[in-house]
Amino acid sequence: MSIIEIKSLSVDYALGQNGVLHALRNVNLEVNAGESIAIVGESGCGKSTFASSLVKLLALNSKAAGQVLIDGNDVLAMTNRELEAIRGVKAGTIFQDPAASLNPVFSVKEQIEETITAHLKVRDKVELKQRAIKLLEETGIKETQRVYEAYPHQLSGGQQQRVMTAIALSCSPKILIADEPTTALDVTVQAQIIALLKRLKKERNLTLILITHDLHLALDLCARIIVMYAGEVVEDAEIKSETDSKHPYTRALFEIIPDINEDRHEFSVIPGEVPELKTVMNECYFRNRCVKAGKKCSESHPEMENGVRCFYPYTKGRLKA
Amino acid sequence: MKQYILKRLLLIIPVLIGITVITFAIVHLTPGGFVRSNMEMNVKVSPDSMERLKVLYGLDRPLYEQYFKWLWRFVRFDFGESFIDNRPVLDKVLERLPATLLLNIVSLTVIFFLGIIIGVTSALKRNSFYDRFMTLFTFIGYSVPAFWLALILMMVFAVKWPILPVSGITSFNFDMMSAGEQALDVMWHLILPVFITAFGGLAYISRYVKSSMIESLTQQYTIAAYAKGLPENRIIYKNALKNSLLPVITLLGLSLPGLIGGSFIFETIFAWPGMGRLAYESAMTFDYPVIMGTVTMAAFLTLLGNLIADISYALVDPRIRYR
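Residue numbers (my numbering), protein chains in the order written: chain V, 1 to 321; chain D, 1 to 323.
Bear in mind the hints are in silico, worked out from the structure with no lab data behind them.
Any given hint could turn out to be false.
Said to hold, decoys possible - Think about it this way: if two alpha-carbon atoms lie no more than 27 Å apart in a straight line, the pair counts; the simulated DSS-like pairs of lysine-lysine are:
hint, chain 1, residue 1, chain 2, residue 2
1, V, K129, V, K109
2, D, K242, V, K109
3, V, K134, D, K238
4, D, K242, V, K121
5, V, K121, D, K238
6, V, K129, D, K238
7, D, K242, V, K56
8, V, K198, V, K129
9, D, K238, V, K125
10, V, K56, D, K125
11, V, K292, V, K278
12, D, K242, V, K129
13, V, K56, D, K238
Unchecked claim - Listing some non-contacts, in silico: residues in chain V with all C-beta distances to chain D over 12 Å:
hint, residue
14, K7
15, A14
16, A64
17, V122
18, R146
19, A150
20, V187
21, L221
22, P258
23, F267
24, R318
Since this is a predicted model, take the numbers as computed values, not measurements.
The beta carbon of each residue, even a glycine, is placed where N, CA and C say it ideally should be.
Based on the provided sequences and hints, a complete structural model is requested.
Set out below in structure tokens:
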């Protein structure tokens with residue numbers, strides 16, 4: 001059975017006088033327990049909105065339609081009370097900037113233990129400490145005793161993200177949502193956090209939902225890649241390399257990864273930018289930036305077919321069409 | 001931290017000396033002076049005896065000599081005697097202090113208690129009717145002159161419908177009451193003055209609390225707290241509130257000197273026997289020792305208030321550590 005099932009999810013943001021922004025449009029997705037998926041795309045393609053709608057952490061000016069089923073229960077229809085029982089218990093979340101995600105005036109001890117107390121009703125101090133220390137050890141923290149008593153600002157960025165991960169996993173959720181978990185960290189620390197996520201995924205048999213703009217990271221951690229563009233899923237497939245992908249946008253994302261062996265002196269980019277989604281148009285939203293755009297692309301909007309939303313997809317296994 | 005506190009306490013000394021020099025210079029350079037303003041119009045006092053009076057109080061000596069004489073007594077905690085009734089300045093201050101302390105402690109408590117509640121609830125319901133109403137209400141309190149409002153309310157609640165006392169801190173028959181009745185009597189006299197000071201001070205604190213509460217509610221750590229599945233009440237009243245109360249500590253430190261300073265206009269209107277009136281009376285009669293005494297004490301408490309605010313800041317916010 002699928003642990004997450006998303007049925008025609010749409011999220012709009014009301015912008016006051018500037019109308020409505022369609023951040024997510026008709027997203028359908030099924031994720032099996034233990035599976036790892038990566039949501040990939042540029043800024044503004046809707047991937048963060050997607051991450052927040054999984055546990056209904058949406059902004060106040062947003063309106064969501066459709067269904068997000070976790071273990072068969074619709075998260076979007078839940079009351080605050082019911083949501084509290086889902087968040088942290090069924091799905092833990094780690095965020096982009098660990099320094100901002102930890103409350104500056106509470107110690108690590110308090111921030112781990114309050115979560116355990118809230119969900120598992122553990123109040124015994126000795127037991128709370130045992131659990132917290134064990135979680136810190138599990139997330140690879142060396143000086144557990146010092147970190148346990150420390151305040152967030154006394155920790156390095158890597159330690160902060162490990163603490164966030166320990167908090168997210170404190171009530172043993174089956175799903176871990178990682179929203180750009182390495183973006184705010186420097187490269188060596190990034191590698192450590194990726195290794196940590198890999199190990200935890202295996203040890204705890206987690207369903208990992210990774211949100212990232214880094215295709216490399218996505219390929220490294222997840223077998224299934226979901227590419228989003230302009231609030232829609234444009235490709236949903238098991239991708240290991242460029243030739244596995246069919247959508248021109250996915251191929252373009254591969255093309256812009258710098259290659260150390262190549263003799264190039266400039267970064268390549270995808271020309272243009274993600275369109276602002278204020279009106280629904282009957283055309284392909286990527287067509288202006290697409291190398292394969294044809295007549296059909298400006299006449300109607302493509303639907304998902306065989307895991308790709310394109311009229312002129314690449315053939316799997318071949319580099320050129 | 002201990003070293004820091006010691007350093008700050010030692011720093012108070014030069015600042016305090018500076019304040020006393022300036023105050024001393026201003027009160028002595030003011031035209032008139034103690035002897036002239038109190039005796040000149042009196043036909044029974046001869047110019048000769050006025051000179052003798054000057055010599056008696058040491059007012060014929062050069063200013064710097066007078067200042068050092070005052071300072072020498074002050075460092076031994078001797079504020080001198082009043083020129084007017086020859087009583088020790090300390091006695092006169094201690095006699096007036098309780099009334100001012102009582103009024104200010106009660107109204108500061110009311111201001112901070114209601115201000116924090118209004119600030120937090122407005123932040124939670126921002127842009128609602130309640131929020132707008134509270135903003136309007138507190139700003140009216142802030143803008144209306146306290147003396148005017150005091151007179152209006154006195155007229156309405158003490159003259160037209162005499163349900164509250166007009167002024168003073170006790171009733172005429174206070175001495176004949178039992179202890180319980182006396183406490184009630186003082187509370188009854190406190191209602192109007194506390195209401196007026198609190199009404200004026202609410203805007204200040206509630207605006208601060210509201211804006212810092214809105215700020216902490218929109219921070220990433222608040223979103224993370226929701227993602228952890230904490231109960232909403234805990235997120236708002238513990239995690240976010242602790243962050244938003246940090247600026248309140250500064251405000252509390254800054255209001256400490258007001259605790260003993262008292263307000264001259266206010267105390268005059270309500271015939272409140274407090275420090276504000278003592279300072280005013282001493283200024284009008286050029287009672288130099290009393291002026292110096294009240295100013296120095298207020299200055300010392302201001303400096304101490306700042307220090308206490310800085311220290312409690314470090315105690316609440318772990319990111320701040322002083323060296």
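Evaluation of the provided hints:
With a C-alpha separation of about 8 Å, the suggested pair V:K129 and V:K109 falls inside the 27 Å cut-off, and the hint holds. Simply put, D:K242 and V:K109 have alpha-carbon atoms about 16 Å apart, close enough for the 27 Å limit, and the pair holds. Taking the CA atoms of V:K134 and D:K238, the gap is about 26 Å. The hint holds against a cut of 27 Å. For the suggested pair D:K242 and V:K121, the alpha carbons sit about 23 Å apart, so the restraint of at most 27 Å is met.
The straight-line distance between the Cα atoms of V:K121 and D:K238 is roughly 18 Å, inside the 27 Å bound, and the hint therefore holds. For the hint linking V:K129 to D:K238, the alpha-carbon distance of about 21 Å falls within 27 Å, and the restraint holds. Annotation: proposed proximity of D:K242 to V:K56 holds, straight-line Cα distance about 25 Å (limit 27 Å). Between the alpha carbons of V:K198 and V:K129 the distance comes to roughly 26 Å, so the proposed pair stays at or under 27 Å and holds.
Restraint check for D:K238 and V:K125: the C-alpha separation of about 19 Å stays at or below 27 Å, so the hint holds. Restraint check for V:K56 and D:K125: the C-alpha separation of about 21 Å stays at or below 27 Å, so the hint holds. For the hint pairing V:K292 with V:K278, the CA-to-CA distance comes to about 25 Å; that is within 27 Å, so the pair holds. Our distance criterion of 27 Å between C-alpha atoms is met by D:K242 and V:K129, whose separation comes to about 23 Å.
Only pairs whose Cα atoms come within 27 Å are accepted, and V:K56 paired with D:K238 is accepted, the gap being roughly 22 Å. With a minimum CB-CB distance of about 23 Å to chain D, V:K7 clears the 12 Å threshold, and the non-interface call stands. With a cut of 12 Å on Cβ distances, V:A14 stays outside the contact zone with chain D, its closest approach being about 14 Å. At the 12 Å boundary, the C-beta of V:A64 stays outside the reach of chain D, the nearest C-beta of that chain being 16 Å off.
Remark: the non-interface label on V:V122 is consistent with the geometry, its nearest Cβ contact in chain D lying 14 Å away (cut-off 12 Å). With 12 Å as the threshold on Cβ separation, the claim that V:R146 sits away from chain D holds: the shortest Cβ distance comes to roughly 14 Å. The Cβ of V:A150 does not lie farther than 12 Å from every Cβ of chain D; its closest approach is about 9 Å, which violates its non-interface assignment. Distance check for V:V187 against chain D: the nearest CB is about 23 Å away, which clears 12 Å, and the non-interface claim stands.
With a closest Cβ-Cβ approach of about 20 Å to chain D, V:L221 is found to remain outside the 12 Å limit, as its non-interface label requires. Here V:P258 stays apart from chain D, with its beta-carbon at least about 30 Å from theirs, past the 12 Å limit. The non-interface label for V:F267 is consistent with chain D: the shortest C-beta to C-beta separation is roughly 29 Å, beyond 12 Å. Look at V:R318: its CB is around 42 Å from the nearest CB on chain D, clear of 12 Å, so calling it non-interface holds up.
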